[in-house]
Amino acid sequence: MHRRYVSIWFPFLLTDWYERKQPASKRMPLVFVISDHGRLMVSAANEAARKAGVDMGMAATDAKALVPGLLVVDEPAGQNEKLLRGIGEWCIRFSPVVAIDLPDGLLIDASGCAHLWAGEDKYLSEITYKLNAFGYTNRVAIADTAGCAWAIARFSEGQRIVVPGEQLKALLPLPPASLRPEKAVAEKFYKLGFYHISSFIHFPRPMLRRRFGEHLLLRIAQALGQAEEYLLPLKLQKAWEERLPCLEPISTRVGIEIAASTLLEKLCSRLAAQGLGIRQAVLRCYRVDGEQQQVEVGTGLPSDQPGHLFKLLELKIGQIAPGLGIELFLLEARKVEKIKPGQHAFWSDSGLNTSAISELLDRLAGKFGADHIHRFLPQEHYWPERSFERVDDLRAQPTSGWREDITRPVWLLGRPEPIEVMAPIPDYPPILFIYKGRRHQVKKADGPERIEREWWMDEGEHRDYFVVEDEDGKRYWLFRSGYYDGNKKNQWFIHGFFA
Amino acid sequence: MPKNLAKTNNFSITFVSMNRVSKSEVIAKLQRDILCWEGFKPAKAIGAGLIGLGPVEAAFPNQIFPVGAVHEFICATQEDAAATGGFISGLLKTLMKNGSGCLWVSKSRKLFPPGLSLYGISPDRILFVDVNSEKDILWATEEALKCQGMAAVICELGEVSFNQSRRLQLVCERSKVTSFIIRSDPQKITQTACVARWLVTSIASQTKGDLPGVGFPRWRAELLKVRNGNPASCEVEWSKGKFKVFQQQDAVEASVKRKYA
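In the order they appear, the protein sequences are chains A and B.
In terms of our numbering, the first sequence opens at residue 1 and continues consecutively.
In terms of our numbering, the second sequence opens at residue 1 and continues consecutively.
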């Protein structure tokens with residue numbers, strides 16, 4: 001296929017970024033400075049500053065003297081590459097192969113892409129338009145070689161499409177710097193009076209090599225398409241994933257365990273570097289016969305401890321059927337969260353919120369399922385069944401206090417069980433009751449405590465609760481459902497046991 | 001044999017000082033020494049007398065309630081289970097004093113969280129694990145006992161074999177977490193490796209000056225078996241946020257009750 005390359009040049013990459021972040025600085029003269037041999041040098045300047053005469057490589061003090069009210073900003077280290085990577089990843093929509101071209105450009109392998117935008121002209125316009133809309137001034141060019149596109153984007157006014165095969169013709173009027181020579185070589189050209197490529201390109205090669213070095217010849221060959229130029233394409237980082245291909249198919253438990261722990265080590269060290277931890281992870285095993293097996297683990301608090309995560313995975317490894325063998329392991333963290341730096345107390349290892357306890361809970365949840373573990377928080381309801389709330393979160397704090405002024409049993413029956421009762425007159429505690437065939441003589445009693453239905457939630461009879469103690473000293477929680485009515489027999493229930 | 005020699009020396013010192021101290025003190029000292037020689041390490045304890053169980057606490061070796069060990073509680077009926085639940089909550093108040101949490105593993109949980117606040121512990125600091133089988137309870141308990149941040153691990157089991165209890169006891173000794181096993185099937189009581197076997201039953205409460213109503217919870221707490229200690233029993237009441245011992249039962253009477261021992 002015929003190759004086509006696009007070069008994008010951002011003449012004001014850093015300053016554009018700054019202005020985008022701080023719109024107030026627009027139209028102000030702005031320079032970025034870096035420290036060089038103890039002096040501050042201008043590393044980037046915006047259009048306003050350049051018009052006023054500031055140039056790259058100038059001392060910051062000179063620039064300040066030249067332009068009153070100059071905005072001077074320290075250049076963050078590696079910012080260029082970071083910006084280009086971000087823009088480059090965004091540009092993958094134009095072509096799958098996008099490479100960073102330091103210090104201030106991108107190279108795109110656009111072979112077979114432009115027709116999707118109805119031609120190269122529209123393709124380039126789209127790129128320019130979109131990037132301009134983001135606030136990045138840019139110049140683009142397309143040519144058969146990356147070198148030629150680079151030169152046209154930076155040094156040619158107006159023209160941006162080089163017709164296939166006409167690289168030489170396009171390059172001839174351009175200055176020698178457009179061939180990407182070494183800095184010293186570029187200066188030499190100017191000293192010798194070669195202001196255009198046309199003035200030396202036809203010289204015999206040995207002569208060029210002798211005077212300007214091998215590197216220049218390579219650059220010329222690359223620009224003309226006689227030598228291959230390789231791009232290092234940007235890869236979209238697949239969220240959080242590690243893979244381990246195996247030379248020999250793995251079918252033993254030990255093998256799977258080694259693979260799992262190796263992958264966890266790798267992934268956790270990557271995550272830990274960014275202060276992140278795994279909440280959910282999945283281990284996929286691709287078998288030789290094309291089948292795929294997978295197990296999942298989850299944690300209560302984000303964890304970057306491979307040892308702990310391995311213990312969770314270990315419980316599930318038995319579920320993996322290796323068949324004839326596994327040839328590829330893939331560990332993906334589906335959900336990652338920031339790890340909050342914990343505060344360590346000197347004396348007490350107290351509270352439920354320690355990592356040791358959350359790791360224990362992960363192991364329990366891994367074995368039984370997360371819905372088997374819970375805590376209870378108080379709820380502001382009188383109705384006993386609703387007076388507490390189940391929560392799964394270790395960090396949840398009670399919004400109201402537990403009530404200590406009312407007596408509640410230690411043991412509560414899931415459903416109140418009906419009992420036979422002999423009670424004297426309304427609103428008196430029973431004299432005796434029969435529960436599970438046993439007769440209990442009531443010796444002492446407290447009550448009644450009337451607990452009404454919460455009418456906004458449900459309907460039904462209220463309950464009159466009594467705390468009773470029988471002749472053996474056992475204490476029970478009984479209630480009568482509804483008002484006493486002489487005509488019909490009231491239903492009594494036992495609901496709990498006191499300590 | 002320098003090791004034996006040291007022991008003899010120790011003994012002779014005790015012997016010489018005999019005329020100055022009373023006989024019972026010498027015997028107590030000897031008993032403590034024998035415990036040490038037998039390889040019994042005094043468990044990391046909260047301190048003597050802090051639980052507030054008086055004679056029952058004194059029945060343990062060195063008169064210290066053993067923390068970091070397995071205690072088993074026998075409960076034949078639901079009433080007993082409730083009494084045991086209350087009693088354990090009273091113990092937990094001391095164990096959880098430093099703000100740590102505890103874990104309660106069971107198959108069919110009947111514990112009513114709001115009822116625990118009477119015993120001075122905040123129910124939101126207890127983690128409940130509800131599992132489906134006894135095997136899972138043992139697994140979860142053992143895992144939890146390995147976790148050093150826990151104040152205590154409570155599990156409700158039907159029965160526990162010697163091997164299972166030995167396993168739990170060994171984990172406890174390493175991590176210094178206290179474990180309470182509530183056993184609901186007294187028919188299958190066998191030898192276990194637990195440090196103590198308890199029986200807690202409710203007894204009639206008393207009110208001041210025969211006022212009507214139900215008084216503070218009152219139990220008979222019996223220590224049926226204590227490793228390196230003596231059986232004991234007492235009647236105890238939970239009032240004003242602490243145990244109050246008000247009657248020591250005759251040791252002979254307690255021994256009659258030893259059908260579970």
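Be a bit skeptical, because a hint or two may be false.
[Claimed, not checked] Rough simulated footprint, nothing fancy, chain A against chain B, three-plus residues with beta-carbon under 8 Å:
#, region
1, 62-76
2, 85-92
3, 157-165
4, 209-216
[To be verified] In silico lysine-lysine, BS3-like type, Cα no more than 25 Å apart, as pairs:
#, chain 1, residue 1, chain 2, residue 2
5, B, Lys93, B, Lys240
6, A, Lys367, B, Lys242
7, A, Lys311, B, Lys244
8, A, Lys335, A, Lys316
9, B, Lys107, A, Lys436
10, B, Lys176, A, Lys443
11, B, Lys93, A, Lys367
12, B, Lys240, B, Lys225
13, A, Lys311, B, Lys240
14, A, Lys169, A, Lys266
15, A, Lys436, B, Lys188
16, A, Lys169, A, Lys122
17, A, Lys235, A, Lys266
18, A, Lys191, A, Lys266
19, A, Lys51, A, Lys21
20, A, Lys316, B, Lys244
21, A, Lys316, B, Lys176
22, B, Lys93, B, Lys176
23, B, Lys242, B, Lys176
24, B, Lys244, A, Lys443
25, A, Lys311, A, Lys266
26, B, Lys93, A, Lys311
27, A, Lys64, A, Lys26
28, B, Lys208, B, Lys176
29, B, Lys208, B, Lys110
30, A, Lys367, B, Lys244
31, A, Lys311, A, Lys82
32, A, Lys316, B, Lys188
33, B, Lys110, A, Lys436
34, B, Lys242, B, Lys93
35, A, Lys443, B, Lys107
36, A, Lys367, B, Lys107
[Stated by the list, open to error] Sample of chain A residues lacking proximity to chain B, with all beta carbon distances greater than 10 Å (derived):
#, residue
37, Lys21
38, Leu236
39, Leu324
40, Leu328
Because the hints were derived from the structure by calculation, they are not lab data.
Keep in mind it's a predicted model, so treat the numbers as computed, not measured.
Heads up, the beta-carbon is just placed ideally off N, CA and C, and yes, glycines get one too.
We went through each hint and held it up to the structure:
no. : hint                  : in the structure
1   : 62-76                 : violated (count 0)
2   : 85-92                 : holds (count 4)
3   : 157-165               : violated (count 0)
4   : 209-216               : holds (count 4)
5   : B:Lys93 <-> B:Lys240  : 13 Å, holds
6   : A:Lys367 <-> B:Lys242 : 38 Å, violated
7   : A:Lys311 <-> B:Lys244 : 45 Å, violated
8   : A:Lys335 <-> A:Lys316 : 19 Å, holds
9   : B:Lys107 <-> A:Lys436 : 22 Å, holds
10  : B:Lys176 <-> A:Lys443 : 43 Å, violated
11  : B:Lys93 <-> A:Lys367  : 30 Å, violated
12  : B:Lys240 <-> B:Lys225 : 29 Å, violated
13  : A:Lys311 <-> B:Lys240 : 45 Å, violated
14  : A:Lys169 <-> A:Lys266 : 52 Å, violated
15  : A:Lys436 <-> B:Lys188 : 23 Å, holds
16  : A:Lys169 <-> A:Lys122 : 23 Å, holds
17  : A:Lys235 <-> A:Lys266 : 19 Å, holds
18  : A:Lys191 <-> A:Lys266 : 54 Å, violated
19  : A:Lys51 <-> A:Lys21   : 22 Å, holds
20  : A:Lys316 <-> B:Lys244 : 50 Å, violated
21  : A:Lys316 <-> B:Lys176 : 29 Å, violated
22  : B:Lys93 <-> B:Lys176  : 17 Å, holds
23  : B:Lys242 <-> B:Lys176 : 24 Å, holds
24  : B:Lys244 <-> A:Lys443 : 23 Å, holds
25  : A:Lys311 <-> A:Lys266 : 16 Å, holds
26  : B:Lys93 <-> A:Lys311  : 32 Å, violated
27  : A:Lys64 <-> A:Lys26   : 18 Å, holds
28  : B:Lys208 <-> B:Lys176 : 41 Å, violated
29  : B:Lys208 <-> B:Lys110 : 31 Å, violated
30  : A:Lys367 <-> B:Lys244 : 42 Å, violated
31  : A:Lys311 <-> A:Lys82  : 37 Å, violated
32  : A:Lys316 <-> B:Lys188 : 34 Å, violated
33  : B:Lys110 <-> A:Lys436 : 18 Å, holds
34  : B:Lys242 <-> B:Lys93  : 9 Å, holds
35  : A:Lys443 <-> B:Lys107 : 33 Å, violated
36  : A:Lys367 <-> B:Lys107 : 15 Å, holds
37  : Lys21                 : 45 Å, holds
38  : Leu236                : 40 Å, holds
39  : Leu324                : 33 Å, holds
40  : Leu328                : 32 Å, holds
Checked against the numbered hints above, the structure breaks hints 1, 3, 6, 7, 10, 11, 12, 13, 14, 18, 20, 21, 26, 28, 29, 30, 31, 32, 35 and satisfies the rest.
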